[in-house]
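K.L.:
One line per chain: the protein sequences are B and L, in this order.
So for the first sequence, the working numbering puts the first residue at 374; every next one is plus one.
So for the second sequence, the working numbering puts the first residue at 2; every next one is plus one.
Simulated from the structure, these hints should not be mistaken for laboratory data.
Among the hints, erroneous ones may be present.
Stated by the list, open to error - Selected chain L positions facing chain B (in silico; Cβ < 10 angstroms):
#1 S59
#2 P62
#3 F66
#4 F111
#5 G112
#6 A113
Stated by the list, open to error - Here's a subset of chain B near chain L, in silico, CB distances under 7 angstroms, partners left out:
#7 S416
#8 P417
#9 L438
#10 A441
#11 L461
#12 P467
#13 F470
#14 Q472
#15 G473
As the list claims (entries may be wrong) - Sample of chain L residues lacking proximity to chain B, with all beta carbon distances greater than 12 angstroms (derived):
#16 K12
#17 D19
#18 E45
#19 Q81
#20 R82
#21 Q85
#22 L92
#23 G114
Remember, predicted model here, so these are calculated numbers, not experimental data.
No residue lacks a Cβ here, since even glycine has one placed at the ideal position from N, Cα and C.
Next come the chains, spelled out residue by residue.
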Amino acid sequence: QKEVEQNSGPLSVPEGAIASLNCTYSDRGSQSFFWYRQYSGKSPELIMFIYSNGDKEDGRFTAQLNKASQYVSLLIRDSQPSDSATYLCAARDPLTFGQGTILTVHP
Amino acid sequence: GAGVSQSPRYKVAKRGQDVALRCDPISGHVSLFWYQQALGQGPEFLTYFQNEAQLDKSGLPSDRFFAERPEGSVSTLKIQRTQQEDSAVYLCASSFWDRGIVSGANVLTFGAGSRLTVL
Numbered sequence: 374q375k376e377v378e379q380n381s382g383p384l385s386v387p388e389g390a391i392a393s394l395n396c397t398y399s400d401r402g403s404q405s406f407f408w409y410r411q412y413s414g415k416s417p418e419l420i421m422f423i424y425s426n427g428d429k430e431d432g433r434f435t436a437q438l439n440k441a442s443q444y445v446s447l448l449i450r451d452s453q454p455s456d457s458a459t460y461l462c463a464a465r466d467p468l469t470f471g472q473g474t475i476l477t478v479h480p
Numbered sequence: 002g003a004g005v006s007q008s009p010r011y012k013v014a015k016r017g018q019d020v021a022l023r024c025d026p027i028s029g030h031v032s033l034f035w036y037q038q039a040l041g042q043g044p045e046f047l048t049y050f051q052n053e054a055q056l057d058k059s060g061l062p063s064d065r066f067f068a069e070r071p072e073g074s075v076s077t078l079k080i081q082r083t084q085q086e087d088s089a090v091y092l093c094a095s096s097f098w099d100r101g102i103v104s105g106a107n108v109l110t111f112g113a114g115s116r117l118t119v120l
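Given these sequences and hints, build the entire structure.
P.N.:
Below is the structure:
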């Protein structure tokens with residue numbers, strides 16, 4: 374079983390909607406969690422990190438962490454077509470990635 | 002340099018050939034990681050260096066894979082006797098501190114990757 378699992382997707386949402394991306398992890402010792410965005414043919418780029426239970430907001434992005442349930446999520450508000458990409462959830466240590474969720478935001 | 006630089010960007014090898022992939026991390030970054038990303042999958046951890054020391058090579062898929070970072074800066078990933086299943090994008094990433102530092106500032110910056118195709 375992979376240590377970090379993401380809902381397989383692909384996920385398609387209309388422009389302006391909220392996109393919800395989910396991730397579970399198996400190692401209770403993991404302390405920090407990251408969301409990366411990867412455009413097709415490009416390298417992953419960091420969107421957010423979180424290591425405390427609860428919510429963390431950064432602009433249109435909100436990361437949520439629930440260590441008891443071993444669950445991490447990313448909400449994207451007011452989704453834009455430019456948000457269309459693969460979103461990778463990762464846990465440390467070492468940085469272990471899920472398989473990614475493809476998000477498409479259609480106009 | 003300003004970012005993590007990888008070369009070559011694209012490499013086509015015949016099955017059985019040896020290949021070498023280079024990573025030039027951000028200057029001063031202590032930690033360096035190699036990942037393998039197959040098409041449609043997330044990156045898979047291969048190996049980790051803290052300066053010149055290879056502290057974790059648990060992700061290397063076989064003894065055909067070898068990595069080094071002799072002076073604690075540039076790293077080379079070598080694949081001997083390449084097989085078709087080695088076809089993937091090989092990503093290098095670096096971070097300022099040791100990987101155990103839990104801090105939002107200790108994030109990984111990825112290079113553009115080296116796409117290896119084995120025929």
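K.L.:
Confirm or reject each hint.
P.N.:
For each hint, the structure was consulted:
1. Against a cut-off of 10 angstroms between C-beta atoms, the interface hint on S59/L holds, since the closest Cβ of chain B lies about 8 angstroms away.
2. Taking 10 angstroms as the C-beta contact cut-off toward chain B, the hint placing P62/L at the interface is violated, the least distance being around 15 angstroms.
3. For F66/L, the suggested interface contact is broken, since its CB lies about 16 angstroms from the closest CB of chain B, more than 10 angstroms.
4. Annotation: interface hint on F111/L holds; nearest CB of chain B at approximately 4 angstroms, less than 10 angstroms.
5. The restraint placing G112/L at the interface with chain B holds, with a minimum CB-CB distance near 6 angstroms, inside the 10 angstroms limit.
6. With 10 angstroms as the threshold, the beta carbon of A113/L comes within range of chain B, its nearest partner Cβ sitting at about 5 angstroms, so the hint holds.
7. Contact between S416/B and chain L, as hinted, is supported at the beta carbon level, the nearest pair being about 4 angstroms apart and thus within 7 angstroms.
8. Among the interface hints, the one on P417/B holds; its C-beta lies about 5 angstroms from the nearest C-beta in chain L, closer than the 7 angstroms criterion.
9. Because the closest C-beta pair between L438/B and chain L is about 13 angstroms apart, greater than 7 angstroms, the hint is violated.
10. A cut of 7 angstroms between beta carbons decides the hint on A441/B: the least distance to chain L is about 19 angstroms, and the hint is violated.
11. Among the interface hints, the one on L461/B holds; its C-beta lies about 5 angstroms from the nearest C-beta in chain L, closer than the 7 angstroms criterion.
12. The beta carbon of P467/B is positioned within 7 angstroms of a beta carbon in chain L (closest approach about 5 angstroms), and the interface hint is therefore held.
13. With a least beta-carbon distance of about 4 angstroms to chain L, the hint placing F470/B at the interface is held under the 7 angstroms criterion.
14. Interface restraint check: Q472/B against chain L, minimum CB-CB distance 5 angstroms, threshold 7 angstroms, status holds.
15. Residue-level restraint check for G473/B holds (minimum Cβ-Cβ distance to chain L is 5 angstroms; threshold 7 angstroms).
16. With a closest Cβ-Cβ approach of about 16 angstroms to chain B, K12/L is found to remain outside the 12 angstroms limit, as its non-interface label requires.
17. At roughly 25 angstroms, the least C-beta separation between D19/L and chain B is larger than 12 angstroms, which holds for a residue marked as non-interface.
18. Against the 12 angstroms criterion, E45/L falls within the reach of chain B, whose nearest CB is about 7 angstroms from its own CB.
19. Every beta carbon of chain B lies more than 12 angstroms from that of Q81/L, the smallest distance being close to 24 angstroms; the non-interface claim holds.
20. Against chain B, the non-interface label of R82/L holds: every CB pair exceeds 12 angstroms, the least being about 26 angstroms.
21. Its beta-carbon lying about 21 angstroms from the closest one in chain B, Q85/L satisfies the requirement of being farther than 12 angstroms from that chain.
22. At the 12 angstroms boundary, the C-beta of L92/L falls inside the reach of chain B, the nearest C-beta of that chain being 6 angstroms off.
23. Here G114/L does not stay apart from chain B, with its beta-carbon only about 6 angstroms from theirs, under the 12 angstroms limit.
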